[in-house]
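K.L.:
Two independent chains are provided; combine them into the complex using the hints.
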Amino acid sequence: MTRTATLQALGSVAVALALIALWQLAANAGLISPVFFPGPDRSFGTLWEQLHEADFWLACGETLRRMALGFLSAAIAGVVLGSVLGLSERLRSYVEPTLEFVRPLPASAVIPLFVLLIGLNERMIVAVIAFASLWPVLLGTVHGFKTVEPRLGEVARMLHLSPLAFVLKMALPNAMPDIFAGLRLALTVSLILAVVTEMLSGMEGLGHNIIMAARSFRSADLYAGIIVLGAIGFATNLALERIERHVLRWRGTEPG
Amino acid sequence: MRALKGLVLPVVLVALWELAARSGFIVAESLSYPGAIARAALGALADGTLIQATKETFGAALAGMALGAALGIACGVAFGLWRLLAALMRLSTEALRPIPSVALIPLALLIYGFGYRMEIAVVAFACFWPLLIITESAVRGIEPRLIEVSRALGLSLAARIFKIVLPAALPRVFVGLRLAAAVALVVAVTVEITANPIGLGYALIVAQESMKPNRMLVFLLWIGLLGWLVNVVLLRAQQRWFGRMGSWAERR
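Residue numbers (the working numbering), protein chains in the order written: chain A, 1 to 256; chain B, 257 to 508.
Read the hints as simulated data drawn from the structure, not as lab findings.
Heads up, the beta-carbon is just placed ideally off N, CA and C, and yes, glycines get one too.
Don't take every hint at face value.
Unchecked claim - Partial list, computed: chain A residues near chain B (C-beta under 7 Å):
#1 Thr6
#2 Leu91
#3 Leu113
#4 Leu191
#5 Ile192
Said to hold, decoys possible - Derived DEER-like restraints, expressed as beta-carbon distance ranges:
#6 A:Ala68 <-> B:Glu404: 50 to 56 Å
#7 B:Pro266 <-> A:Ala165: 30 to 36 Å
#8 B:Arg396 <-> A:Thr2: 17 to 23 Å
#9 B:Val488 <-> A:Trp23: 41 to 47 Å
#10 B:Pro266 <-> A:Leu185: 35 to 41 Å
#11 A:Ala68 <-> B:Pro453: 31 to 37 Å
#12 A:Glu53 <-> B:Glu404: 29 to 35 Å
#13 B:Gly291 <-> A:Arg251: 27 to 33 Å
Bound-form chain B, shown alone (with noise of 0.2 Å):
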């Protein structure tokens, strides 16, 4: 029931653009309507850019989701642990978090030049900083008798961290993980669209350039139903492996 009402607003939507446009109410001369949309769907598939671009812009996003996350929460965990560390560095990292990432499109550009690396690079830098704060503050949330428990037991740093730290910390890395999921779709489609001729973001600023409307509707509706599938299939992963831990760390 919930789906049902959820698609009455979109389907009276496309019917009324599509009625609109078959009664020459709007001129289709930049927006056109929603058949004509399909064929260009259709188009693109068959001559395979839209696959092609679409593993160019999850490829990077990943490989760059990837990088940054496994940075970040690496700083998380030392951040977390040792407070001295965290006060030390705060100057420094409060400094740079807020430049926006995309300032850094012109720099990665200016160093890797055109191709996957500089656009691994930006959404590196998004990625890492929610994977900071997430995991520092998640493993400041450790119930201390766990990491007394790994002292009294001897246990080495490195199997302290596996054992204890990451484990305990990682309902709330997850919730982390699923909101850098979404940041690193949108950079990469960001980086593409200013900068790199690669992915998505590109075929989408070439199908406006040469004039194909309909060609870069079918883009954009289709990186806006990837966004929403990624965020879907995260959010089912974490209720599904997290249960009640997840709704909790999510509301942390």
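Chain A with its partners taken away, still in its complex shape (with noise of 0.2 Å):
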């Protein structure tokens, strides 16, 4: 890092950290109503206790196993399904456009018919997770085997290589940053969705907790859970980061 760089990253920090004293002062003055503005004293304080409450790493556990098992059933499904599409334009043409009008419908429109079809229970949010982290990877998956250079695909065809083994050795590896791009989408869905559905269900878990809190104006619970939602969000981001560097690191730093 050089010298700026490292001045500009402590200057953001210390900017940070007045905003931080800016909203301890404007609690502390009564500026707005402690009902719903408690001070960063009081919300990190109860995110302290928190971390010390089994409750607490119950619900968050439930909410990052549901979010897990969404993802990693849409992540599986989306690249699949999404090969099965790439590989064939004569299925594209036919399947193409529903998918363009199921791509844009709010997923969380879908809990209610999840409900009365699968109930309201485990299953069912696990479900809905799982579909609507599902249009992401698998359109950035088709998008990616719709990029490959058709040579390659001439390449394949005098190598005698079977569709299968042109999709693991050609297809697949051109089609991964799309593939990761539909990914990190799908994170940020499941984790959404993963919080709506608690909210709705009133099962267990983080979404559960903040709606509680906010409903029995414990404001100080509710931002302690914003808070920790919004660390799933940073954290889960930056590990699928950490692994898309990793898995992408042998195209080197080929622009594009």
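P.N.:
Structure representation (structure tokens):
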């Protein structure tokens, strides 16, 4: 890191601290009602207390487990279905318009449908998360397959590669950056849907915790919950970025 | 031809569904058949809920998007023009950005209670980020000579922003607006489903809870259709107004 970069990083830490101090001052001065505006002392204090409670970790675990199950099933299904669609142009011409219709559909709108079909239970939550996270991965994979250099296809034909070998050796590695772009989106979606379904279904979890905190005017608990959800969003994103960098390291720093 | 092929799959699915329901293959307990849904659609249209709910959802989504986008573009221009400012705010924005917008639903509910304001606040938060990021990078990508020219001409800051920076960044900002519109609709419906008793999302939940699956599917399909339409219209507008610039901006 150069000197200016270090200075700027330190500066950005200072700005963030200053903003927190401002938040504290505003809360102390009672500028806004403490009912929904606890200072950072109370928010982080509550968070610290929660870190020592089993209930919190249970809720955290539940949310993360649902998110992981939904995300992973969506990732696998999305890449497999996307590969199939990516291989066949004819199939794509029939299916793609339907996909274009389903893609902008607000995933939370299917929750009532899934409740009717599956019931208000654990499976419903995971199914909703998986459904919502599927589209970005699927469309990313299809897009990645479409951009495979046509000459690679010719090479595969000359080498008499089976379709499976072509997918594994050429198409998938080529589509990886697009697949990861889809996965990043799907990861965000899966956290959002986990929170939404928990708020709606009343099942144990962080989403349920924050809506209960708001209903009973426990604002510090609410802020603590929001901070934790932000942290989960940040950490899962960072983890995926690391994985992406590791998986794509063979591409070097080639632009694009 | 392409459009026809695209219709094959939905038509076949609907026909199979209708057949399966008529022949008693699936018991129409939770899911009925397309004919009944069409009747429910007419019902929802006739009693005015469909139109009313659509207006409510669109109103909240538009207002929230306008607010969030305006703030996002303003911050994006500032961050793009003054790199030091962007560097200093980096940690604060990176700390706030990963907060899922739906996590703010309870907070907005606590502050504003039910109604438009809480929905607008959550939608605005969700729309702020895409525009901040896209505008910032668009402003950074402006040909440096343009900025030099504006300096040489002795333009004021406001003139520089409105005459040079924003027009140059517009194609990409529009892409951001298109993304934000989709986000706004999704978030508005989500807020209505989880907390706010107005709009299409609430109508959906009411239909489900009062055990009217046909009506619920009507609202679900309508929401899907609206989302798709918004996307198509904005994509057309982008191609029309920005032409090749638009598709260039898309890839960036």
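K.L.:
All the hints need checking, so say for each whether the structure fits it.
P.N.:
Structure-based check of each hint:
1. Interface hint at A:Thr6: violated, since its Cβ lies 11 Å from the closest Cβ of chain B, which is beyond the 7 Å cut-off.
2. A cut of 7 Å between beta carbons decides the hint on A:Leu91: the least distance to chain B is about 10 Å, and the hint is violated.
3. Taking 7 Å as the C-beta cut-off, the interface hint given for A:Leu113 holds, the closest approach to chain B being about 6 Å.
4. Checking A:Leu191 against chain B: minimum C-beta separation of about 5 Å stays under 7 Å; hint holds.
5. This hint holds: A:Ile192 has a C-beta 5 Å from the nearest C-beta of chain B, less than the 7 Å allowed.
6. Checked against the hint of 50 to 56 Å, the pair A:Ala68 and B:Glu404 passes, with Cβ atoms roughly 51 Å apart.
7. With their beta carbons about 34 Å apart, B:Pro266 and A:Ala165 fall inside the hinted range of 30 to 36 Å.
8. Look at B:Arg396 against A:Thr2: about 19 Å separates their beta carbons, and that is inside 17 to 23 Å.
9. Range check, B:Val488 to A:Trp23: about 43 Å between beta-carbon atoms, so the 41 to 47 Å window is met.
10. The hint said 35 to 41 Å for the Cβ distance between B:Pro266 and A:Leu185, and at roughly 25 Å that hint is violated.
11. The beta-carbon spacing between A:Ala68 and B:Pro453, approximately 33 Å, falls within the hinted interval of 31 to 37 Å.
12. Taken as a hint, the range 29 to 35 Å is violated for the pair A:Glu53 and B:Glu404, whose Cβ atoms sit roughly 59 Å apart.
13. Distance hint for B:Gly291 and A:Arg251: a CB-CB separation of about 53 Å, inconsistent with the stated range 27 to 33 Å.
Going down the numbered hints, you'll see the structure goes against 1, 2, 10, 12 and 13, while the others check out.
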